[in-house]
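Please put together the full structure from these sequences, using the hints given.
The chain contents come next:
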Amino acid sequence: MASIDIESVRKSYGPVSVLHGVDLAIKDGEFIVLVGPSGCGKSTLLRMIAGLEEVTGGEIRISGNRVNDLAPKDRDIAMVFQSYALYPHMSVADNMSYSLRLRKTAKDKIASAVSSAATKLGLDPLLERRPKALSGGQRQRVAMGRAIVRQPKAFLFDEPLSNLDARLREQMRAEIKKLHADLKATSIYVTHDQIEAMTLADRIVAMHGGVVQQVGTPLELYDTPANLFVAGFIGSPGMNFLEGRYVKTGEGAGVRLSDGTVVPVAPRAGLAPETTVTLGIRPEHVVIAKDGMLEATVDLVEPTGFGIILHLSLHGLPFKIFTLDRDALSAGPTVRVDFPQKHLHVFDETGSRAD
Amino acid sequence: MMHQPMKHNRPPMMKRIADASEPYLYSAPALILIVAVMLVPLVVGISYAFRDIQLLNPFSGGFVGLDHFRALGQDQAFYGALRNTLWWTGASVFLQFTFGLILALLLDKPFYGRGLVQALVFLPWAVPSFLAGLNWAWLFNPVIGPLPHWFYALGLMDEPHNILSDPHLAMWGPIAANVWWGIPFFAITLLAALQAIPRDLYEAASIDGAGPVQRFWSITLPFLAPTIAITVLLRTVWISNFADLIVVMTNGGPADRTQIVASYIFTQAFKRLDFGYASAIALVLLALLLVYSMLIVLLRQTMLNKG
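Quick mapping for you: the protein sequence lines, in order, are chains A and B.
Per the UniProt record's numbering: the first sequence ends with 355, consecutive numbering throughout.
Per the UniProt record's numbering: the second sequence ends with 307, consecutive numbering throughout.
Note that these hints are calculated values from the structure, not bench results.
Here the structure is a predicted model, which is why all the values come from computation and not from measurement.
Think of the CB as a built atom: it goes at the ideal place given N, C-alpha and C, for glycine as much as any other residue.
None of the hints are false.
Computed spacing ranges between beta-carbons, pair by pair: (1) B:LYS109 x A:ALA272: 56 to 62 Å; (2) B:PHE94 x A:GLY136: 40 to 46 Å; (3) B:ASN305 x A:SER135: 18 to 24 Å.
Pasting the structure below:
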């Protein structure tokens, strides 16, 4: 168990800079998810914490001790790889006990650590098998088992579920969450899947272009995204965006869209009138109403079973609605929509949230 | 059970013959080619072992049964050649493998100019073996080569003489040439195997607490084992059959001290022109190598099944 502090950490490969100063304080026992599109630097950051990549600048501390120049084996962390990285020539039990054997732990202690981890993960009947005789989900469990036998200070997960099919991923997601509730070990989990991030994290760190965009609880990121990137990345189907100009109206404020319609919004103190803004609204918050203020053409109707996704064109731009109302199946050719004010997000010219 | 309706209209005779012979006709060209270029020479060669075939004796050619093999059983030169073959093959394979592995491990690490070094390192493999042999023979020759003088300067020799004419050291001449010539083979194949090892296994091991030596023993070596087994097998067979360097550098001398079975066969066939006896020796060598190969294949199978 340990806290992990990351202070203005930078990484560059020659002239190419991939992390531009990351600050992050991870509390003991916290489950942190680093999320972002590929190439955002999340895996690099994780590998730097593990000691697999050198730190170009800044400082990483585990339990308050600077680890920048420590070898991976001296950091007392465990890592679960996307490929699982199981030793193919060792049995499941040997895979799990490898780290303890290297540390010359007593035989009976190794046996009890392996068997308790195996029981926790349901690996008991598989201990003598080799990785190639296991299914993807079982391999995933062995990789987790290998991490937990050591009781390290922290767990690092590098997209551990990407190689599993959707159903198994859902199941393992729940197991990882249970395991964390059980072990309460500090965990850092890298994924590009925002559903994994939302469901697993105590706090999410959204990254883009080597810069941390927002740190917060899943619902903070969902309800009050700090900028356009986070707003668009978190949530599926993604948030709708409309360009417009911020205007003062008699009773308050609004955003004037290209066709002249003014969508009323709560006044934003930081915005001068006539600045270009982006209006954001999540698909599930859009209301279909006969007397709605905007008209959109229905391009496509996608029933998901759970709900219905309507793909629309609004002022020639793609726009999505998610609704549980089955009447939407027969919507079209045009619908009128309304935007409830409390669900509207406004982003300024730089893409930052305006409140 | 479903009953098939009775077939009253059997296809005509010609059609049935054509159908039955179809697979044979398709495979015939390949089979005829294989038989013509592989089996026929093999059978003719084996038949020589049981016949008296001497090029300079016009009355030879008759069937002599196992006479050649009986003579071989009494042939001290053959036993000497067999011992020399073991020495030659063992030392050459061991040194080629050791240096090849070291070279492969070095080339596996990225460094500036690796592409160029890789290309240069593999150059000896492209040199014709008899050229390599000549070159090394000259290197060992104190009149034109520097090696004896260097050995003398290092105190390894009392005087700069030619080790190729020293009965106790002569074998090291061809072995040195062979090692120089054969390292690239091991380096190339082992390097390919090394590069096929997933990098994240090393990363996982280093997080698990393994140092460089432990990583080598618990990841690199198990991954290389099948490649090592098959390359050592191949090289052993090739080297024990490989007489070029010996024929060029020492011609089996001095006093048969570098005569291996393969060069002995060459001597019997092309110096004494006794093809019958040479074939008999070749057949024995073939049998020995077959046994050896079967052993290695079995070993590899058990290793793969375990792995």
